[in-house]
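Asker: Listed below are the residues making up each chain.
Number of protein chains: 2
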Amino acid sequence: MKDFEFYNPVRIFFGKDQVSRITEQVHAGSRVILIYGGGSIFKNGVYDRVKAALKGFELTEFGGIEPNPTYETSMKAVEIIKQKKISYIIAAGGGSVIDATKFIAAAALFKNGDPWKILSESAEVTEAIPFGCVLTLPATGTEMNKNSVISRKSTTEKLAFSVPPVFPKFSILLPDAAGTLPQQQVANGIVDAFVHVTEQYLTYPVNAPIQDRFAEAIMITLIEEAPKVYAKPDDYEAMSNLMWSATMALNGIISCGVPGDWSVHSIGHELTAFHNIDHARTLAIVLPGLWKTLKEEKKEKLVQYAGRVWNIKSGTDDEKADAAIDKTEKFFQSLGLGTRLSDYGVKKDTIDKIVKRFEDRKWLSMGDRELTTPGTTRKALEIQL
Amino acid sequence: MKDFEFYNPVRIFFGKDQVSRITEQVHAGSRVILIYGGGSIFKNGVYDRVKAALKGFELTEFGGIEPNPTYETSMKAVEIIKQKKISYIIAAGGGSVIDATKFIAAAALFKNGDPWKILSESAEVTEAIPFGCVLTLPATGTEMNKNSVISRKSTTEKLAFSVPPVFPKFSILLPDAAGTLPQQQVANGIVDAFVHVTEQYLTYPVNAPIQDRFAEAIMITLIEEAPKVYAKPDDYEAMSNLMWSATMALNGIISCGVPGDWSVHSIGHELTAFHNIDHARTLAIVLPGLWKTLKEEKKEKLVQYAGRVWNIKSGTDDEKADAAIDKTEKFFQSLGLGTRLSDYGVKKDTIDKIVKRFEDRKWLSMGDRELTTPGTTRKALEIQL
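Read top to bottom, the protein sequences are chains R and Y. Note that the first sequence covers residues 0 to 384 in numbering that gives the first Met the number 0. Note that the second sequence covers residues 0 to 384 in numbering that gives the first Met the number 0.
It should be emphasised that the hints constitute simulated quantities derived from the structure, not laboratory data. Misleading hints may appear alongside valid ones.
Identical copies go unnamed one by one, so any copy, or any two together, can satisfy a pair.
[To be verified] Cut-off 20 Å, straight-line C-alpha distance, at most; resulting in silico cross-link-like pairs (SDA-like, lysine to any residue): (1) K1 / G14; (2) K231 / N206; (3) K300 / I219; (4) K15 / P258; (5) K168 / P8.
Isolated chain R (complex conformation) (with noise of 0.2 Å):
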């Protein structure tokens, strides 16, 4: 393996009965803002659970944190916050609500200028407002790192930050609470998360045994529990499996000593950017295209995660290859999510509109050993039309 830092201090509590312990973690005497999405919470008694346990705090609210969370709305949140000199946040939701929560609370501690710069810049943060989280919903696993993804309506970009300042102070994972969600959801989280893993494993082998299983080990549970929640989201123990399973995909660990690809998930921000797709749906679509693109330069991965994976043992690698991407696919149309652009009416014009922001933004080759260039974004998507 590669020589590597780890760090996460994220403090996480799991199980229906955990809401309460933000009582102990809210400092005393904090003034405090509870920000959400678009009111699930009401419905699955989330709400009423948070306000029971900051009984005694001053407490402001601020909902309407969008699927795709946006400066413009995060911006509002900061204002309210500078106005009301809030101390601790608490966000309610999913990983709309928690990416949004990092933004504000970097952004109303910020002091050079706009705080879109932390995202269009990297402009340096060091301080944030501390922010707990209660998960309803498991998928992106911000709850237990330190990144977040922001979208700019006026802009129609949509971009990424990832500083120590953001860790949340602690996340309270809620299985019960995603019973509640609409099967799509579900189905999103469980791709969501899967291709979080995929971006840090399926690249090349650099003789790292542990992190290898581990990746192996969440996608294996993944598909495993994905056919039980997706059709009972309230099978409780089915979706601690899925919950936990994503928080891990993301939280540092399986990426120590690793290479890391993510050329998924820049080329899926852009069909977001310009279309609105949920973003599980954008990553469905451009996996199976740039791994059938980059099947030669991906091989030795691909052929270890057939076997280890999918239980593909026999036929030529060439063959194990093409039988796990075609896996793959299939497991994410098996959940319900189209994974060519024509699912979602998407024509060709939107691949050139992507490669030449790409181009634009001097992005010529990312991710894994630098492989995905304009030319090969331009066929993953072309393979996907």
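Go by the hints and put chain Y onto chain R.
Answerer: Here is chain Y on its own, set in the frame of chain R:
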């Protein structure tokens, strides 16, 4: 899985070129003490590398921590720390040096009488002197947890404590330094790490597939890497994989939401206390005896372990369990560890003494489902006579 809390703020630097990170991690102006063991750090070059990284800091040195670190030696370090107003500790060596450092760091700031109470009475530890570790021996996992085991010569006791203030601030893992270890210590480290995993795995199923597969990943990797690194400790890649396996075996990840046992350790500690047998060797004796004794109760997990870790797929469940226990005992033997009490000259009278001690301490039912009674302990040890 069961509800759980997870928290581990230890910063890890992995790889041969990481010693220089000490400079940035130790607070400027700290008065530092370097704690080490029998002097291996002079032979493997770690002493010089650490000294270079600590250039400019006021530095005191304290060597001579024993393989089973003692209260008596630790208290000498505590005295020096108080005298010299030390504010940061660097522990360089294996698990014993780090375990001693945890006790020293807590004892130096302990205000309620004799610090032995931290071990004997679980006295509260609210603070500790901050410390970082330079790990040269993969084994105990202490570099990434809050646990420590200390022996007291005067009473032939060996006790453990586990408190958040003794999480290392950082740990630097050096596979190259471990490459100079004697074969016997490498073997001990492998078995120690392996048994840490089994203590958190070989209990009963609770539908926790991620945790199970992670545990299996570590065991499979240890079994694969063991012959390579045993034959050639300076095989850098194999040692790296062993080192990361040992850390992952006891940093809390695989115990999330699953039952634990730890009776192999509890019984093993007494063999060390009475006969000064290496810790790992006591585990190699006790584990097969205890599994044979509790085969029926642990059968479901033994069968899963047989299939997934040892690829034992044929036979009845009973035969699979037997074969898995046999494979495990032979694995320990293949690394030169005797698994019988007679291999160490230990006779039946020691069994009587251990059982009596457990009865005196009212340790009447320990571990997994409280299955380890004095009677179970006697049987487990008698099988291994």
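Asker: Now look at each hint and say whether the structure bears it out.
Answerer: Okay, the hints, checked on the actual structure:
1. Taking the shortest Cα distances, K1 and G14 sit within 20 Å of each other only across copies (7 Å), while inside one copy they are farther apart (35 Å).
2. For the homomeric pair K231 and N206, the shortest alpha-carbon distance between copies (17 Å) is at most 20 Å, but the shortest distance inside one copy (39 Å) is not.
3. In this assembly of identical chains, K300 and I219 lie within 20 Å of each other by CA distance both inside one copy and across copies; the values are 16 Å within and 19 Å between.
4. Only between protomers do K15 and P258 lie at most 20 Å apart by alpha-carbon distance; the minimum there is 18 Å, versus 36 Å within a single protomer.
5. Taking the closest pair of Cα atoms, K168 and P8 come within 20 Å of each other both inside a single copy (8 Å) and across two copies (11 Å).
Checked against the numbered hints above, the structure violates none of them.
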